[in-house]
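There are 2 protein chains.
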Amino acid sequence: MVTKLKRFLIGRPMKSHELANEKLSKLKALAVLSSDALSSVAYGTEQILLVLITMGAVALWYSIPISFAVLGLLAILILSYRQTIYAYPMGGGAYIVAKDNLGTTVGLVAGGSLLVDYILTVAVSTSAATDAITSAFPVLHEHRVIIALLMILTVTILNLRGITESATILMYPVYLFVFAVFLLIIGGVYQWMTGNAHVQPPIYGAAVPGITLFLLLRAFSSGCSALTGVEAVSNAIPNFREPAPRNAARTLIMMGLILGVMFIGISLLAYAFGIAPKADETVVSQIAATVFGRGVIYYFIQAVTALILFLAANTAFAAFPLLAFMLAKDRFLPNMFMVRGDRLGFSNGIIFLSILSALLIIASQGDTENLIPLYAIGVFIPFTLSQAGMMKRWITKRPAGWFPSFVINTIGMLTTLTICLIFLITKFSQVWTIFLFLPVVIFAFKKISEHYRDLADQLRIDVTTEKPEKKGSVIVIPVAGITQVIRNTISYAQSLSDDIVAVYVGFDDEEIKKMEKKWAEWDPGVRLIVLRSRYRSIVRPLSKFIDTVEWKKAETDHVTVMIPQFITKRWWHNLLHNQTSLLLRAYLFARQDVKIATVPYRLKK
Amino acid sequence: MVTKLKRFLIGRPMKSHELANEKLSKLKALAVLSSDALSSVAYGTEQILLVLITMGAVALWYSIPISFAVLGLLAILILSYRQTIYAYPMGGGAYIVAKDNLGTTVGLVAGGSLLVDYILTVAVSTSAATDAITSAFPVLHEHRVIIALLMILTVTILNLRGITESATILMYPVYLFVFAVFLLIIGGVYQWMTGNAHVQPPIYGAAVPGITLFLLLRAFSSGCSALTGVEAVSNAIPNFREPAPRNAARTLIMMGLILGVMFIGISLLAYAFGIAPKADETVVSQIAATVFGRGVIYYFIQAVTALILFLAANTAFAAFPLLAFMLAKDRFLPNMFMVRGDRLGFSNGIIFLSILSALLIIASQGDTENLIPLYAIGVFIPFTLSQAGMMKRWITKRPAGWFPSFVINTIGMLTTLTICLIFLITKFSQVWTIFLFLPVVIFAFKKISEHYRDLADQLRIDVTTEKPEKKGSVIVIPVAGITQVIRNTISYAQSLSDDIVAVYVGFDDEEIKKMEKKWAEWDPGVRLIVLRSRYRSIVRPLSKFIDTVEWKKAETDHVTVMIPQFITKRWWHNLLHNQTSLLLRAYLFARQDVKIATVPYRLKK
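These protein sequence lines are chains P and X, in that order.
The first sequence: position 105 = 95 (my numbering), numbered continuously.
The second sequence: position 44 = 34 (my numbering), numbered continuously.
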């Protein structure tokens, strides 16, 4: 039943050699990896305007130079990550680059920051998409946690089905969104040129009394939230078809171009149509309404915008498992993140991300507004570290023509560092928790790594000298009565050892006498030892007795306790048996050098 | 840690022979077993008045004859149960009496009805006590589910501590309540005789237009809710000090007298002071206010009334585990209800009752009003069956002077049967679910009994002919690499058998070659078989291989799979290991005749 449901949801298991088919073409990779970055277009310009409007509508013209500054930063980031892709063709996320050049701890800061950030991405983007839906259908508002959770479930199942399959499905909404925004820009430019819009833009270059550099920087850093998600491509190089680095680099450039045009287009239109941010309507919605009126095209644009906000979560689902895999390979995360599932994806990473983001949604009751600045700084810290790592690399290796590359990374690093500082200063109350969770995550990484190192030390073997040695053995069989189960267990024990002891734990004299008599009558060729339990516990006297066995036969190194266990025909039959065997197992298992053999006895009725 | 907390809450474990000290004196037994019955005084009269008031205040005088009718029924029930106690000195609940005389199925109807009823008792009485508290402190109203759950937790812990200890604690509130009601009655009679109360009772015997027999019967059946809990003593005979039957009979008579005086006293005072039921104040509260004014005594009476409502739950906690024990002894409930816990109580029954009633509270959100009729009919069905059983017994055995006893039981049976029918007719919408859950419970009893019978058939052994037989044995060791763990496991296997196979499941050619080479180098004296897994599953190829082993060596009957398992030093280390061994165990365990030996390997760091 469970297997069938799994097959239905996830699909048939795939063979390992099918992995090559699971690689992404550029077109599909762009869809999967860019949804996070592209979705930022839906709110990037608005973030800038929201800061500027605090100085009055006259200040809105500043959005133009600020948007171009963001565009410049985007260009630097794209060029910088393009360099990283070629330098790290096996996947060069911030974790790899920082670790490789700046040491493990710095790498872990970048990696940990990104891991947490992906969880936030899923929570924030599904909440945003839920808000878009509940704005349209207010009756759904009270069910918004459920809606967000259903979205997470959908993306999870899609990703468990495998990367190509999810890419095939997700391609359509992503390209529809790109199409919609370009349609909006072209329509907007046409309206503006024909002068049909009848609006007056704010005067460019007008003096704004009281404007400060601090405010402008804040507007700039807010606008930079449009750049989150740019790093996804460089993390995901292993998912590309060969030649992977070249395909990844081209995809990155393509993404940069589309993102840049869309972002600056929206910013320019917002200025041209004199649009100011409103509490109850997004900037994109205002532009769309101005350009096309509130008709079919307007609703189409709104719908695909909601869809892309939801799909931003998918980028995290593509990137998180790969990053977790890399951390697990370096022994900073549990092994399980290295296991490929039935459909060749890193299912454990997918499920882990899904559960944590769902918990975050539940804990915040779907109200994730406060998490956005945290989410933004969580991206810019690894951006900065990654580029600092690249700087170090250029200086250290100095390949031919390294200097321009170094300059690009330096400018990029300084800009992203500045943005980090601006975030810290201007939004400290919302981002201070990063100082809490980053140390915790890194501490966990180090502890895990330590455990694996200790483990390897303990398990290491010298194949030339350390061979297995045969020793003596004694088998202990707890018996509750004389039944077919005990007969079966003794029969099994006799095939393994000649030193067998049956132990009966009795509660009162009468039943002990009865048992001894019946055992003598049966005479199975095994001596019976009777223990008396005054506290009605079977486990404790038995455990004490086993201690005695160990003490008596110092030469016998292996003590095996044989525990019969019923295999019932129906699950509920298990409730009808005292699970003494499980209890005994758990209790004895905590002891050194007692082996436990479970002897199944299958009930036929 | 857990053990310490348990010790603190429950107390030290007790030896089996201490059971004799756990028997109850009459004084304590009365406290533990009568709280349910006595608490009915708090609402019994009110239930009658609530029906009568529908015909106007003039009809209230009928409460007097009706109360005397209830008193008569109480006397019959007490006499009837007294007879049962002497007839069944080992405990004669409705289940035993009905089963013994009317057959197993009828017994199960009585037993099942009572079991469910005890769960309802706990839910209803804790809710009622919670309502009493939140009436006094309305700010607590939104936390009423939590309050009710805390009450259940308190009673559960008290009962887990053992029966004498809970009796010692519970004695005070029960006797305080008895004291409070007698104080009220004496004060009331004094006020009435001195004429200080200045109230006019309704005219006794006044004609009430439109009054019907149906309405009067309904009022009578509502008043009979005061009789719930009377059966507790006869169920609990084994808890009494020797001579148990005589002590139990005296306790029962004592309880009947106290209950009767209190009930008729309240009814008479209510009539004498012309009290009509009000929506927002109980009848007892009105009487207390009239007699003593709203001073200290009034609040004392209100407080102990709330307390006794809560303690009614305790009667169920005393009776349920005993009834479950009896049903389990007859194989109609799981064995676990027969196990005595650390403090010699039937802990599983206590915990089971606690969990189910807590679930009921949560499901109903603490609003259990609707359950009261169900709860009442659930008591009167076993009342009827128990007395019918006694009737049958008298007719069959015909001991000397049996006829008066037969008459008592017959009158009792007919009355309780009538009450059942009145409940069914007048409150069908609230009690119909009994036709749903009773068949379900009885079906479950029968299924459980069937399973135990099947089990006994399968396990039965002929001690003269069926002895254990020694057979061949082969050991299979899954290996993941060459480590100290595998060395330890092979060493153990060699001490048990000469026929050992190590199996390695590889995912690609390279790692398989490497493993084969290293194994040859190590040469542990065990042959290695390599399997290739195309689906990255370790369990499936291994399981298929074991099938082959079974097929190849038909003469070898015992196949043992040895699974090494880490015992980690810290619990969270377990998360860092793929739990392949657990998965393997679970998967292989579902197969016939594969034994699984778990070989612990204790990590030192």
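Hints in this document: simulated from the structure, not taken from any laboratory.
Wrong hints could be hidden among the right ones.
It does not matter which identical chain is meant; a pair holds if it fits inside one copy or across any two.
Under the rule of at most 20 Å between Cα atoms (straight-line distance), these lysine to aspartate or glutamate pairs were calculated in the EDC-like manner [stated by the list, open to error]: (1) Lys460 <-> Asp488; (2) Lys319 <-> Glu440; (3) Lys268 <-> Glu511; (4) Lys319 <-> Asp444; (5) Lys436 <-> Glu456; (6) Lys(-4) <-> Glu155; (7) Lys268 <-> Glu359; (8) Lys16 <-> Glu232.
Against the structure, the hints:
When the C-alpha separation of Lys460 and Asp488 is checked against a cutoff of 20 Å, the pair qualifies both within a copy, at 15 Å, and between copies, at 10 Å. Proximity of Lys319 and Glu440 under a CA criterion of 20 Å is satisfied intra-copy only: 14 Å inside one chain copy versus 54 Å between copies. For a Cα distance limit of 20 Å, the shortest separation of Lys268 from Glu511 qualifies neither inside one copy, at 93 Å, nor across copies, at 75 Å. For a Cα distance limit of 20 Å, the shortest separation of Lys319 from Asp444 inside one copy, 16 Å, qualifies, whereas the shortest one across copies, 52 Å, does not.
In this assembly of identical chains, Lys436 and Glu456 lie within 20 Å of each other by CA distance neither inside one copy nor across copies; the values are 31 Å within and 59 Å between. For the identical chains of this complex, Lys(-4) and Glu155 are intra-copy neighbours only, at 16 Å inside a copy versus 53 Å across copies, given an alpha-carbon limit of 20 Å. Only within a single protomer do Lys268 and Glu359 lie at most 20 Å apart by alpha-carbon distance; the minimum there is 17 Å, versus 51 Å between protomers. In the homo-oligomer, the alpha carbons of Lys16 and Glu232 lie at most 20 Å apart inside one protomer (10 Å), although the nearest pairing across protomers, at 88 Å, exceeds that limit.
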